[in-house]
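J.: Sequence:
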Amino acid sequence: RFTVPTPLLLKNGSHTMRTTGGGHLCRLLTYQQGVPLADFSPHDATLLGRVGRVIGHVTSALCWFVHSGAERAIVWSMERCGEVIGAHLGHMSGSQEGDTEVIKRWLERYTNVIEPKMR
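Its first residue numbered 1, the sequence shown is counted upward by one per residue in our numbering.
Just so you know, the hints here were simulated from the structure itself, not pulled from any lab data.
Since no wrong hints were added, every one of them can be taken at face value.
Quick list of simulated restraints, FRET-style, between CB atoms:
#, residue 1, residue 2, range
1, Pro116, His91, 22 to 30 angstroms
2, Asn12, Asp99, 39 to 47 angstroms
3, Ser60, Thr3, 16 to 24 angstroms
4, Val75, Arg27, 14 to 22 angstroms
5, Ala38, Lys11, 26 to 34 angstroms
6, Thr20, Ser60, 36 to 44 angstroms
7, Arg109, Gly13, 46 to 54 angstroms
8, Tyr31, Ile114, 30 to 38 angstroms
9, Glu101, Ser60, 32 to 40 angstroms
10, Asp44, Trp76, 21 to 29 angstroms
11, Thr20, Gly86, 32 to 40 angstroms
12, Trp106, Asn12, 44 to 52 angstroms
13, Ile114, Pro5, 23 to 31 angstroms
14, Thr111, Asn12, 41 to 49 angstroms
Beta carbons are placed, not taken as given, at the ideal position from N, Cα and C, and that holds for glycine.
Can you build the whole structure from these sequences, using the hints too?
T.: The structure is reproduced here in structure tokens:
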């Protein structure tokens, strides 16, 4: 079991508000205690396996969920990860030596092995 952030109602009764200038919507969510995944160490095979299982359960639970917002292109969608990673690969800075090559190999494997199975 795990908990997820819950949207809080604003004073006007809405769950969302526009930022100054109106370009973006924002939500206020409940705080989740714990250590963010990015700050947790080590990212070993056990942890990554658990994260993958949770993501798989969420994906499975939502597979029949239909909403017009789900049709928009989102950068964290598995269908777009090759496109997004490829577009940002040249912008990596401060990475450890060899990181870019590891990502390039992963991207090639994704493009040649995983992506065709998703079609």
